[in-house]
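Quick note on numbering: the sequence shown equals residues -22 to -1, 1 to 333 in mature numbering (1 follows the signal peptide of the UniProt record, and there is no 0).
Source of the hints: derived by calculation from the structure; they are not laboratory data. Check the hints yourself; a few may be wrong.
What the hints assert, rightly or not - With a Cα cut of at most 30 Å, we get these calculated DSS-like pairs of lysine-lysine:
| id | residue 1 | residue 2 |
| --- | --- | --- |
| 1 | Lys141 | Lys1 |
| 2 | Lys222 | Lys93 |
| 3 | Lys242 | Lys15 |
| 4 | Lys100 | Lys132 |
| 5 | Lys190 | Lys1 |
| 6 | Lys25 | Lys141 |
| 7 | Lys296 | Lys242 |
| 8 | Lys15 | Lys25 |
| 9 | Lys190 | Lys296 |
| 10 | Lys296 | Lys232 |
| 11 | Lys220 | Lys141 |
| 12 | Lys242 | Lys108 |
| 13 | Lys273 | Lys289 |
| 14 | Lys15 | Lys1 |
| 15 | Lys56 | Lys3 |
What the hints assert, rightly or not - Estimated spans, in silico, between C-beta atoms of each pair:
| id | residue 1 | residue 2 | range |
| --- | --- | --- | --- |
| 16 | Pro225 | Lys1 | 52 to 58 Å |
| 17 | Lys141 | Gly313 | 40 to 46 Å |
| 18 | Met269 | Thr115 | 50 to 56 Å |
| 19 | Gly198 | Asp136 | 42 to 48 Å |
| 20 | Thr115 | Leu211 | 46 to 52 Å |
| 21 | Ile39 | Gln145 | 15 to 21 Å |
| 22 | Thr115 | Thr46 | 24 to 30 Å |
| 23 | Gly14 | Gly58 | 16 to 22 Å |
| 24 | Gln215 | Ala268 | 30 to 36 Å |
| 25 | Lys15 | Thr171 | 21 to 27 Å |
| 26 | Arg317 | Pro225 | 40 to 46 Å |
Predicted model, so just to flag it, every value in this text is computed and none were measured. Note that CB positions come from ideal geometry on N, CA and C, so glycine has one too.
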Amino acid sequence: MLKPLTLVAVGLSLALSGAALAKEKIDFMFPAPVDGKLTMEMTRVIKQFNDSQQDVEVRGIFTGNYDTTKIKAESAQKAGQPPALVIMSANFTTDLALKDEILPMDELFKYGDQKAGDFLHKEFWPAMHKNAQVMGTTYAIPFHNSTPILYYNKTMFDRAGIKQPPQTGRAAGRCQKADRREQRPVGIMLPSTNDDYGGWIFSALVRANGGKYFNEDYPGEVYYNSPTAIGALRFWQDLIYKDKVMPSGVLNSKQISAAFFSGKLGMAMLSTGALGFMRENSKDFELGVAMLPAKEQRAVPIGGASPVSFKGINDAQKKAAYQFLTYLVSPEVNGAWSRFTGYSRRARRHTIRRR
């Protein structure tokens, strides 16, 4: 029979071991449907992190598109259950910061050995910095970022005698040579609905025309009437009515990818984040990838999403969020995510040199 002192020791030992095994639980919202390959891959990443250490348990919540992700994250915060990390559209960072709904990243990085701004500038491409900062304060860390890109059917190009993808806007309009086997022109499609990054593609065309679509220091100011914006819109219009290489009407990315995969379309302006999807589904022809055609300059906007942290989480959750965030953006995890999806990887010094 155990003596009372022994019983106390056993009980204390069990209590301490239980405390040691308890993990800090945090919610992580990710903008993807509950099914699909992105969700499966992120589920794998979360499980790999949870299994790799004894301090933090991340619960992945898959929230649909960027707009519904913002709504669900804000609703959770108002209900007193703020998510510790959310992969949030870069378009929303300024709005959330001005509404005082998200934490400056230094609130998480105080658990590390450097400031969030120093980490951002040291580890990531300069083009990614503005999307992560508001008035000089770092509110996000790049992870799931992308740019517009031109996908083209290289097999169709070869049959039509076109040696390379168009380098300029006018060259894109002149891609009227017919695929000799299919007897149809090598056409192009751009998404035109604003919930399907039509505005993002238009911003890329404005940049290619030498201008900017909006004031980067004050995003509420949009340059609708600038010569470069009007010129970009005229280029879009000419593809339909003058060059006749793009159908009229509203186009979304699902229509565009379906036409592309079925061999009825030669070129598509979509996101680098679709690269894995495009590669997987281009089974019957050789897929080509190129920069967007340019008129005055080679320039595209940064898009996609980045992790932000909502106000209302406690210190233990902040520390846990920091641990998972730095895991996500580590060269190994971020590099694997980039290869799987097409979303950009971390920085130049983490790019593998090929001999």
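Hint check results:
1. Lys141 to Lys1: 58 Å, violated
2. Lys222 to Lys93: With Cα atoms ~53 Å apart, lysine 222 and lysine 93 exceed 30 Å; violated.
3. Lys242 to Lys15: 25 Å, holds
4. Lys100 to Lys132: 38 Å, violated
5. Lys190 to Lys1: Not satisfied, since the Cα-Cα distance of roughly 47 Å exceeds 30 Å.
6. Lys25 to Lys141: Roughly 46 Å separates the two Cα atoms, so the pair is violated.
7. Lys296 to Lys242: 50 Å, violated
8. Lys15 to Lys25: Measuring from Cα to Cα gives roughly 15 Å; hence the hint holds.
9. Lys190 to Lys296: 37 Å, violated
10. Lys296 to Lys232: Given that 30 Å is the threshold and the Cα spacing comes to 38 Å, the pair is violated.
11. Lys220 to Lys141: 23 Å, holds
12. Lys242 to Lys108: Roughly 38 Å separates the two Cα atoms, so the pair is violated.
13. Lys273 to Lys289: The given pair, whose Cα atoms are some 44 Å apart, is violated under the 30 Å limit.
14. Lys15 to Lys1: 28 Å, holds
15. Lys56 to Lys3: 19 Å, holds
16. Pro225 to Lys1: 52 to 58 Å: This hint holds: roughly 53 Å between Cβ atoms.
17. Lys141 to Gly313: 40 to 46 Å: Taking Cβ atoms as reference, lysine 141 and glycine 313 lie about 33 Å apart, which means the hint is violated.
18. Met269 to Thr115: 50 to 56 Å: 32 Å, violated
19. Gly198 to Asp136: 42 to 48 Å: Taking Cβ atoms as reference, glycine 198 and aspartate 136 lie about 47 Å apart, which means the hint holds.
20. Thr115 to Leu211: 46 to 52 Å: Violated: the Cβ-Cβ distance is about 35 Å, outside 46 to 52 Å.
21. Ile39 to Gln145: 15 to 21 Å: 43 Å, violated
22. Thr115 to Thr46: 24 to 30 Å: 27 Å, holds
23. Gly14 to Gly58: 16 to 22 Å: 30 Å, violated
24. Gln215 to Ala268: 30 to 36 Å: For alanine 268 against glutamine 215, whose Cβ atoms are near 23 Å apart, the range 30 to 36 Å is violated.
25. Lys15 to Thr171: 21 to 27 Å: Since lysine 15 and threonine 171 have Cβ atoms about 23 Å apart, the given range 21 to 27 Å holds.
26. Arg317 to Pro225: 40 to 46 Å: 34 Å, violated
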